[in-house]
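Asks: Letter by letter, the chains look like this.
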Amino acid sequence: MIKSELVQRIAENNPHLYLRDVENIVNAILDEVTNALARGDRVELRGFGAFAVKKRDARQGRNPRTGANVSVDEKAVPFFKTGKELRERLNEQQLG
Amino acid sequence: MTKSDPAARVARTVTRADLSEAVYQRVGLSRAESAHLVESFLHEVSDTIARGETVKLSSFGSFVVRSKGERIGRNPKTGVEVPITPRRVMVFKPSNLLKARINGLAPADD
Chain R
25 MIKSELVQRI AENNPHLYLR DVENIVNAIL DEVTNALARG DRVELRGFGA FAVKKRDARQ
85 GRNPRTGANV SVDEKAVPFF KTGKELRERL NEQQLG
Chain Y
9 MTKSDPAARV ARTVTRADLS EAVYQRVGLS RAESAHLVES FLHEVSDTIA RGETVKLSSF
69 GSFVVRSKGE RIGRNPKTGV EVPITPRRVM VFKPSNLLKA RINGLAPADD
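Going down the list, the protein sequences come from chains R and Y. Quick note, my numbering runs 24 ahead of the 1-based positions in the first sequence. Quick note, my numbering runs 8 ahead of the 1-based positions in the second sequence.
Worth double-checking, as some hints may not be accurate.
Straight-line alpha carbon distances no greater than 25 Å define the calculated BS3-like cross-link-like pairs of lysine-lysine that follow [as the list claims (entries may be wrong)]:
id, chain 1, residue 1, chain 2, residue 2
1, Y, Lys107, R, Lys78
2, Y, Lys107, R, Lys79
3, Y, Lys101, Y, Lys64
4, Y, Lys101, Y, Lys76
5, R, Lys79, R, Lys99
6, Y, Lys85, R, Lys105
7, R, Lys78, Y, Lys101
8, R, Lys108, Y, Lys64
9, R, Lys79, Y, Lys85
10, R, Lys79, Y, Lys101
11, R, Lys105, R, Lys79
12, R, Lys27, R, Lys105
13, R, Lys78, R, Lys105
Derived from the structure by calculation, the hints contain no laboratory data.
Sequences are here, hints too, so could you generate the full structure?
Replies: Written out as structure tokens, the structure reads:
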């Protein structure tokens with residue numbers, strides 16, 4: 025499912041809203057999460073999961089193709105931990 | 009380019025309440041309805057993932073479901089080997105834009 029399909033789906037369940045509004049709503053949510061992570065904050069959505077930012081120290085890396093040494097700067101990476109409820113739902117059905 | 013030092017401020021936790029506030033500010037809906045739509049969003053994403061389907065949100069990232077086979081685990085406390093049953097897990101793959109934003113490399117698109 026891609027974003028436009030998600031927007032469509034939410035709009036179908038909320039027929040009083042314009043598609044454009046739903047699109048704005050979805051973008052507002054995603055932007056809020058992005059901005060929070062950019063500030064270094066954590067985003068915790070019970071039942072769904074939590075987004076956090078982890079710091080990676082600067083390190084000496086290697087170009088795998090040439091073997092040349094390269095220095096990799098310190099960086100932050102986003103990290104998501106699935107919430108309990110969703111984790112359980114993923115395994116509710118019989119596994120094939 | 010100014011990069012805010014994460015150590016300079018106390019990180020806080022953003023919750024559903026903050027997301028509905030963001031929706032309330034952006035779209036002309038009541039607070040109650042904004043909260044309802046945040047739930048609606050999480051609910052749709054959760055349902056899709058629970059069905060085993062990937063959710064791709066461009067410029068944000070994708071939620072991908074992975075199936076893991078049975079493997080042998082170990083109770084870290086007792087050292088006893090126990091089988092870990094096959095299961096499905098969800099992983100989040102951040103988009104390049106999200107990674108750039110977190111490192112202060114891309115402008116905010118407000």
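Asks: All hints are to be evaluated individually against the structure, with a verdict given for each.
Replies: Okay, the hints, checked on the actual structure:
no.: 1; hint: Lys107/Y - Lys78/R; in the structure: 11 Å, holds
no.: 2; hint: Lys107/Y - Lys79/R; in the structure: 12 Å, holds
no.: 3; hint: Lys101/Y - Lys64/Y; in the structure: 9 Å, holds
no.: 4; hint: Lys101/Y - Lys76/Y; in the structure: 17 Å, holds
no.: 5; hint: Lys79/R - Lys99/R; in the structure: 6 Å, holds
no.: 6; hint: Lys85/Y - Lys105/R; in the structure: 23 Å, holds
no.: 7; hint: Lys78/R - Lys101/Y; in the structure: 14 Å, holds
no.: 8; hint: Lys108/R - Lys64/Y; in the structure: 21 Å, holds
no.: 9; hint: Lys79/R - Lys85/Y; in the structure: 29 Å, violated
no.: 10; hint: Lys79/R - Lys101/Y; in the structure: 17 Å, holds
no.: 11; hint: Lys105/R - Lys79/R; in the structure: 16 Å, holds
no.: 12; hint: Lys27/R - Lys105/R; in the structure: 21 Å, holds
no.: 13; hint: Lys78/R - Lys105/R; in the structure: 12 Å, holds
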